[in-house]
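Engineer: Listed below are the residues making up each chain.
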Amino acid sequence: MDNSLPKISSWRQYKALLRKDIAQELRTKEMVTSMGLYGILVLVIYYIALSQTGTEFDVTAIAAGLLLLMIVFTSMLGLNRSLIHEHDQGQLEALLLAPIDRPVIFLAKATTNFLFLAIVQVVVVPLFYLIYVSGALPVLLGDITPGPWWMTAIVLFLGAVGIAGVGTLLATISVNTAGRDFILAVLFIPVMYPLLLVLVTALNAAIMGGPGFEATFWQMCAAAAFYNAVLIAVAYGLYDYILGV
Amino acid sequence: MKDLLIKARDFLQGREIQIAIVLAVIGGILTTIAFVMAFTTANMQYHTTTVNVPSFVHDTRVPLAPPEFQPQPPDGTVNYHNPWFSQKIFYFHVPIAQLSLLVFTLAAIFSVLFLRTKDPNYDLRSRVAMETTLLFTLGTMISGSLWTRASWINSWGELFGTLLSEPRLVTYSVMLMFVVAYFVLRRSVSGEEKRATYSAVFSILAWIIVPFSFIFTRVTNQVQAHPTDALNPGMDTSNLIPFIICIFGMMMLGYAIYTLRVREEKKRAQIEAIKEDIEDALADAAKAGSPTGAPNYSAAAVLGTPKSKEKK
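Chains as they are written, first to last, in the numbering used here: chain A, 1 to 245; chain B, 1001 to 1312.
So here's chain A without its partners, still in its complex pose (with noise of 0.2 Å):
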């Protein structure tokens, strides 16, 4: 009797789960384009306030900082949003009863999480790189080399799946709670503030070139590689407990 369901391999549920939330995506475009729209809204603030700079002022040497900063924002939006959907409609419900193994769901959720957060990166960042390191004086003068862009996709890239992973975790605790964002973001900067401290000083050994910065940078690419590696284990370990209540 237990052996007449043919048993579905975790990859497969894996795929399924992929698919769900890529489809629905599809079809709403919710968190893609009201991320994108943010971290172009963030560009504009930055416009802003740094409109009473003057010519004097250096912008690439806090561009990291605000690279940084724009990613975070955007990506708590979207963190909040991939899962208001799950417990909204009884999603989430529905796959605890489905025959899928919880950590499945996890990494699933947090695939699709880095996904999104790619491909708004992929659109917002080139154009704060276009404004803000390489259309910056310093670099058109020649003052400043920066490093290669690769670079600068390398650090984006450990800083997406940091935060899809262990945000993934802190989106569903704080899914549950009744201030759903405030809740994110107070669970989110502390947890985060390692990853994004070395983050930041490998942005900034990119942007900034200077001798010796192609040490600084694999270090601090180094430091979020391990940061990640545990945390993300962490978080898949501790996913099941949050699911079951």
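Quick caveat, the hints were computed from the structure, so don't treat them as lab data.
Hints may be right or wrong, so weigh each one.
What the hints assert, rightly or not - One-sided and incomplete, this derived list gives chain B residues near chain A with beta-carbon spacing under 8 Å: (1) Leu1115; (2) Asp1119; (3) Val1174; (4) Ala1181; (5) Val1184; (6) Leu1185; (7) Val1189; (8) Thr1197; (9) Val1201; (10) Ile1208; (11) Thr1217.
Even for Gly, the Cβ is constructed at its ideal location relative to N, Cα and C.
Following the hints, position chain B against chain A.
Structural biologist: Leaving out everything else, chain B in the frame of chain A:
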């Protein structure tokens, strides 16, 4: 030997409160002794790290008093090289900081136990340990601020600048942020088990992140103003004795605070259960007394309190 141990266990069982009170008294006495010793028998310590930040005005190995607090020689000359007794805060600041990390670890251990057993008792213990962490973290930050004011900075206005530029202070702020976030999370979740599970998961996560933030802040930040070699072999016996006495005193105080708070919370839960039972009984009595449907003004009827499931 085994009999003796069993006897001791039997004696100690059920006497947590008495033990906690005794430990609180002993801890208080030990801390006071350490306080007196720190100001009388302990020598001045000379090992602190070099301050290499321009905004930290005293670029010297010795914690110095700001000029206005310097003991002025009577002949009118100014002597800027007297190490000040602000350094005495060391004997309290360091034990409190160590203890805050210890209780933080305890909270994480109880969280793990809670997730494994789902026993609400562990949730209670984890929460109380977190409260104790909050207390000791605040104690560390306040005593640290006093020390900072006396040895690194010229005015209170510079304090927040130091907070954001010195790795150890930044990581401590992050830890405080974690503890605060823990309580914010607890407040916003409804449902006993959900709340307990979420906060347990978060406190485990926090315990794993804190070492990360300690290391990463050091890796990314070159500033080093906080004294680091507190326990180096160069520490005098006269310094070490009050320091160790204070560590033990603080540990006893911490244990006492923790145990008494656990007891208080347990009693509170019992009172709540009894209250619910009384309201149930009142509601039943009101129902029995007014079968005609006359207005029912009993507390349970007005507040709509859910009936408690079981009498204890």
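Engineer: State for each hint whether it applies.
Structural biologist: We went through each hint and held it up to the structure:
The restraint placing B/Leu1115 at the interface with chain A holds, with a minimum CB-CB distance near 5 Å, inside the 8 Å limit. Hint on B/Asp1119 is violated. Least Cβ distance to chain A is approximately 14 Å, over the 8 Å limit. At about 5 Å, the closest approach between the beta carbon of B/Val1174 and any beta carbon in chain A falls short of 8 Å, and the interface hint on this residue holds. Given hint, B/Ala1181 at the interface with chain A, holds; its Cβ is 5 Å from that chain's nearest Cβ, closer than 8 Å.
This hint holds: B/Val1184 has a C-beta 5 Å from the nearest C-beta of chain A, less than the 8 Å allowed. With a cut of 8 Å, the hint placing B/Leu1185 at the interface with chain A holds, because the nearest CB-to-CB distance is about 6 Å. Evaluation of the B/Val1189 hint against chain A yields a held restraint, the C-beta minimum of about 5 Å falling below 8 Å. A least Cβ separation of about 5 Å between B/Thr1197 and chain A falls short of the 8 Å threshold, and the interface hint therefore holds.
Annotation: interface hint on B/Val1201 holds; nearest CB of chain A at approximately 5 Å, less than 8 Å. Contact between B/Ile1208 and chain A, as hinted, is supported at the beta carbon level, the nearest pair being about 6 Å apart and thus within 8 Å. Checking B/Thr1217 against chain A by beta carbon gives a least distance of about 7 Å; that is within 8 Å, so the hint holds.
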